[in-house]
Structures are given as C-alpha cells and as structure tokens.
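> Now for the letters of each chain:
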Amino acid sequence: MAISILIVDDHAMIRALLTRHLHMEHDFVVVGEAEDGPEGISKAGALTPDVILMDVAMPGMSGIEATRLIHDRLPQIKVLMLTLYASNENCRRALQSGASGYLLKDSVDDEVVTAIRSVMKGGYFFGAGVANPLENPGLADNG
Amino acid sequence: MGKNRRPPPVSAALPSTPEELAPAETSRTFADSQLLIHELRVSALEMEMQMEELSRASEERIEAGNLLAKYCDFCKVPPAGVTGRELTGRKPVEEEPCSGSARLRLAYLAANAGAWEWNVRTGESVWSDEVWQVYGLTPGSCQPSYDAWLQTVQPEDRPTLEQNVLEAARTGGDIALEWRLLDAGGAERWLMSRGQPQRDDEGEIVSYLGITLDITARKLAELELLRHRDHLDVLVRERTAELERRNAQLAIEVEERKRSGELLRAYAAEVEDLYNNAPCGYHSLDARGVFLRINDTELGWLGYRREEVVGVMRLSDLVTAESAELLRVRFPEFVARPGQRCDLELEMVRKDGSRFPIIVDAVALRDTDGNYVMSRGTIFDNTERTKAAEERRSSEKRFRGIFENATIGIFHTDPDGRSVSRNPALVRMFGYQSAQQMDAAGDAAAQYFVHPEQRDSTRRAALQADGYLQREVEFRRLDGSHFTANYSLRAEEAAYGLFMEGFVEDITAHKESEKTLKRYASRLIVQEEEMRKRIAMELHDDVGQELTALSLNLAYIDNHLGGPTDRDLRPPLSDSRLLTKTIGRTVRNLMADLHPTQLDEYGLASAIRSYVDHYAQRAGVAMSVQVSTGFPRLKPLQEMALFRITQEALNNSAKHAAATKVSVELNSDVSSVCLCITDDGKGFVPQNEVPRPAGYGWGLTIMRERAESAGGRFSLYTVPGAGTSIVVEIKGAF
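Chains as they are written, first to last, in the working numbering: chain A, 1 to 143; chain B, 1 to 734.
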C-alpha cells in the first residue's frame, strides 16, 4: 500500500526536488505541496496524507506551530521536521508539537526515505547531527 | 754519679740572648732560671767535694790494709796477733809470728785490722788479738775456727761467704770477702778479709793466711756517697724538669710575643693602608700651612708625588686664588685659637691645572701648653655634591617651567587646604583672572582641595594612600558652571611639615567624547547584530536551500546511474555528495554563530542552552546550564548582549583558560536578572594589574561594553590558578 506524503516548504525548488526524490520509491506518493504553514494545515486536512515533511523555518507561521495545529486535529498524520538548524530546543519543541522525527536538510537525501518508513511503523526518527531528546532528558528545557 | 755526669747545660735550651725575650715577664723568668742553674751547680759541686773526700778516706783505709797485707806477705810472717801455733805444718818463721814487731802491730792498729790463719784441713784457725777485737769477741772466749768465724757473720751474708770461701779453696785462689756483723752494741759493722793460700811441699793448700779489716767507715762513706748521689740525682731531675717546664713556658711566651709583634706590625700596616687608601683625603699641616703628611688618596686627586708636597708645599699652593685668600684669613685663626675648628669649602688645583671642589674639616693637635703642633684634616671631594646641587637647581627651574606652563592645574596646600601655591592653569580652570583673585575669594581656594564636606575624608584617604589618591570629581567654576576633572592628591612630608600636592585635569570634553563613543559603540553593536542576522538569513534562505537542492540532485543522479560508462562517475559523485554535506554543516554552524534564531523564537535561556549543548560537544569541555524558574524574556538588545557575552566567555574558558568545567547560570527576580559564567580554568591577573593575557584583552572589553550597552553591570572575578567568574547584572526595565 502506497504511503501518501505532503511536503510543506517555502522553497519551491526544495519541494520539487523532494518530490522527485521520493518518486524514486515505488510505494511513495507525494499527494501535495504547500509553501507555508497555513497552506500546509489546510492541505493536511484536505488530503490527510500519511506523512508530512515539514520545514521548520518558514515565513509567518513556523513549521513547529503548524505541526502542533495539525497534530491537534489529525494526530494520525506523522510529521517529519526538516530544517537547516541543528537545534535541540527546536527538536524538543517539535516533538512536543507532535512531530515524529527531525531531519537536517543536508542529510535529507540519505535519510528521508528511512525516516518516512520508520515513522510509518510508529517510531521516531532523528537524523544525523540531531540529539534524541527522548534519550537525553537533560536537554529538556526547564525555563 | 761521677764527675763526668753533670746535668745537661740548661743554657742550651734557653734563648740565646735576653733581648729575644719580652721585656718584663720574660726577663724575670730568665733571671729565675739563671739563679736556679747557679744553685744547682753549687749543690753539685758541694756534693762532688764530699764524695771525693769520702772516697779519699775510704781509699786511704783500703790502701792501709793492702799495705799491711803486702808487708805481711813480704815478711812471710803471719799477721800480727796470731797465737804462733803451727797450724799449717810449715815451719814458722818466728816463734811468735803473731806477736810481730811493734811496727807491724802499729800498722794493724792503724788499719783497724787483724791477722788470721785458717787450717783448711782441720778447720781450726788462729786469730790475732786484733781479729778478736774486730770480731767483737773476747780473746779466747771461743775456739777460733772457720765455724766460729761464720757464727759472727750476719746470717743473710753467710751463704755468699761460704760459697766464696769454698770456691777459693777449690780453685786455690785468694780469699776476698766482705760481710757484716752486729757488734755487742747491736751496731752493724762491715768487715773485709783477704787471704792467700799456704801450700805444703807437694803444693797442696794447707791453710789460708790473711787479714781482716773493719771497713765500716768506708762502707758508711760509700753508702753516704750513694745517698748523696741519689739525692743529687733527684735534685738534678727535679731541677731539670723545672727548667724544662720553665723553658717550655718561656718558649710559649716568646712565641706569643712574636705573634703579638707580628699582629702589631700587621695592625700598623693596616692603619697605614686605611690612612693612605681612605675614600677621603687626609693631611697634616704645620703652623705655616706646610704639609707634614698627606695620604695617597689626596695625592691621587692632586696628581702629585709625596716628595713634591710633604715639607715643600703649603695648602694654599694647591688651591685657587679665591680659596687661598680664604685660607689666608682662616688658617692663622685656626692655628692661634685652641678649640677652633676649620671647616671650609675650597677649590683645589691639580697638577695638570684642573680644579675640583673640596670640603676640608680639620682639627688642631696641640701640646700640653695649648701650642699648635699640627693640624689633622679630612678632605672630601665635593664634586658630586656640587653637581647634585646644580642639578637640583636645574630641576627646580624645570619644575617651575612646567608648573607655570602646564595645561593641567597644579596646587600645593597645607593639610587644611589653605593654598600655598597654584599654577596659572588652575586659576584659569576655575574661572579666575589671577591667583590673587582666587585667593581673595575665600573658601574658593579650598574648593580645589575638594568640597569642604569631603575634605576630612579626602585628606585621610590621601594620607593613607600609597602615592596619589585619584578620583573623578565634579568641580564648580567661579561663574557657577561645573566641570569634571581627574583629581590627584597626595600628602608629602617636607622639611617644613606636611603639605598636599594635587593635580586637576579638566576632562569634561573627554567625558563627553566617552559618552559619544559609548553611544556609537551601542549603535555599532546593534548594527553588527542586524548585519549578522541578515547574513544568517541569507545563508539559510539561499545557500542552505541550495545546498539541500544540490544534495537531492546528487542523490537523484546517483540513483539513476546504471550504464557501464556511469561506473566511473560514482566515486566523484560520492565525493561530491560528501562534500555537500560538509559544506552544509559548515553553513549551519556559521548560521548559528552569526545569529541564534532561537534567541528570537524562544528567548535567552533556550538559546543559551542550545548553544552550550553544541559548544560543549565541539570544545570537549563539560558545560552545564542552570536557569531559574520563570526566567523572563528580555529586550532583544539585552538578550543578544547576554548571549554574546556567554559566547565570548565560553570561548575564553575553552581556548585560553584550559577549563575542564564551565557552568552557566541565569537567575532572575522581580527587579533584576543575572548571568554568571564560572570556569575552573587557570584564571589570570586582571588587566588593570598587568598587561592583559593573550586572547582575553579585547574580549573582556567588548563583553563589558555589551553589558553596559544593555544597561547592565559587568564584573570579573579571577585569581591565577583558581578559575574565572563573569557576572552580568541587569537591573530595572527589561
């Protein structure tokens, strides 16, 4: 059974290249793209994809905030965060928002397929260079 | 002890001449020794004379006995006193051989001797009357015989006598005996016998014919002689030991005298050396001013030889004309008046004509009548002092020039602030036209000594300060306007008492410039942050996305390479993908350093925590973050300032302090927030004490500026070897 994917990123080129990259997997289907958080929320509701690849840093609403809103309404959708910032705090907050994984964009070519399959099995995925907040409770923010 | 055994001459062990000895004690000891020697010699002579007399008496007695024996032998008659019976079987020469002639009896009597004959075959004897007398027996009181004779002998002498007699009889030799007996009065007497063997026709010994003499006198003389000799020996030994002791003592004293003499000579040489090579000159002048003595130091200064000066030149010959004139007046007074001391500053002239200033300090030596004998003068080269005085005058002139022309105000006051002197710059600084006007303004003069209310505390501080007390002070001018000044004050103890010296430097313009600079610095910081943020965003939006696109493209190409010719493309493609990731990480770190996006999104605590996490991994140093509950969001400028200070501090701890642990604390209360960064590194001496350590200088300055631009107060606590703490506190609005 195919895995439906929604890509939310403010960079069109990234969306296009990710789509092409995911099409190399026969069971992956990119069902839609969104260029910001609100559009991502809207399409998530309309398309109910299995997985959303969500950019963290976008103009206006951040990817984490969009994730929180999507997860509140559609908790079955797995959200994988994509970012250029290897921030533990971002990662922690993304998890708190309902994300299932956190990838750095410079490793997305190697890791995104594995990450999608991992979260589809119900697990979490943290890319290279990202500390797993679940394994490092000391990283939790108490402030 | 015979005549040739005199004690060794004591004079051989004594010093050869009395002059070698020390004057008093040594002479006395020497005289004692000589007297002792003389006494010893007299005693020895007396004893020798007594001994000779005794010997002579004894020898005469023996000689008489011998003569008697010889006479008897010559006459072939038995000794006088023998009863005339035939004992030996030989024919008697006379019918009564022992009755002898009157002359022979006289000889017996003279020698205190008697004759006897002993028949060796029968043991019977014939004794003359003298023999009976000598033996202390009454004639006819017993049967004369060998045994009767032996009974008269002292028991302890008997074995020896018997042995001698038997030996003589066995060998046919003469009998020669000496023995003792006790007479009827119990006195011990010494007897001597000489006997010759009488033989029959066959040559066999029939009897012995002999005489017996009483040699008690001789024996006593001999004993007396021996006693005298022993006594003399003891005396000689005692006197010799005494002499040796005194001689050794004398030798020690002589050696000590010799050493004392050497020491005295050494001291004299030392005194002479001190005189000649003293650091000052010495000379003595007679009443005319002619040199009697002069030391090498002064001669060296002058360039003359001693013979050119002593007894030849006057002091006035060696000084300038002005000094000579001074001497002409002062020296006669010095010579004439007892108690007068000569203390003059003169100028001497060297042999080469050059001059040098001196100070001469002289006293006069006078005889018991107070008449001048000579002077004793000490001369000091006054060149350095004169030069120092000139330099002091020059320094004072220079100081006066600086004082009058300086652009900073300079003043001197008494400890109560009353003006002693003030320079024109100070007068102008306070808005007065002249020093007089300033002084006339009453307490205005004291104003520059600081405000009256602070005067006591300032004075105490200045008195306790090591060097100048330095403060920044706000002053009021004559027209009521104010100015800020760097104010330096110190207390100085002078010959005339304590005074205060101060400097006032108007830094109003400097302070204004400083404020302007701080404003510029704040603006620069803001602009820098804006610039950093813009660059970071551009990196994110452009470079970062493009690198992601490049990664995806390279992955796509990699996935679609399949043909045989594509095989060669895989290695460079793989390298390119790797390179892209490396560039991506670099850009990511660069973005984080340029602008922490979390600071905008989540605030200071989150940004610092995230930064510390990453930096600890990069630097390999254990770092921790503690944030108090409810730590607030601050103004962007404040958050950025504290974040940048944290970055700089962590960098210093890891790179310069060699710290192994760093803690970051963020605390807040209702009115303030506080950032405290502490490491366990090597610490350093703060820059206001020594030049700043490498890497710390500008970093600390910028941290301080950032803190102040954010309205905070920056504090640094560090001790070499004990780590460093940086504390930034921001109070008030945030």
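If you are wondering where the hints come from, they were derived from the structure by calculation, not from laboratory data. Among the clues, some could well be false.
What the hints assert, rightly or not - Sample of chain B residues at the chain A side, in silico, Cβ under 8 Å:
no. : residue
1   : Asn382
2   : Thr383
3   : Thr597
4   : Ser606
Note that this is a predicted model, so its numbers are computed, not measured. Glycine included, C-beta positions come from ideal geometry on N, C-alpha and C.
> Give a verdict on every hint.
Here is how each hint holds up against the structure:
With a cut of 8 Å, the hint placing Asn382 (chain B) at the interface with chain A is violated, because the nearest CB-to-CB distance is about 82 Å. Below 8 Å, beta-carbon pairs count as interface contacts, and Thr383 (chain B) has none with chain A, the closest being about 80 Å; its hint is therefore violated. The restraint placing Thr597 (chain B) at the interface with chain A holds, with a minimum CB-CB distance near 6 Å, inside the 8 Å limit. Restraint check, Ser606 (chain B) versus chain A: the minimum CB separation of about 5 Å is within 8 Å; hint holds.
In this structure, the hints that do not hold are numbers 1, 2, in rising order.
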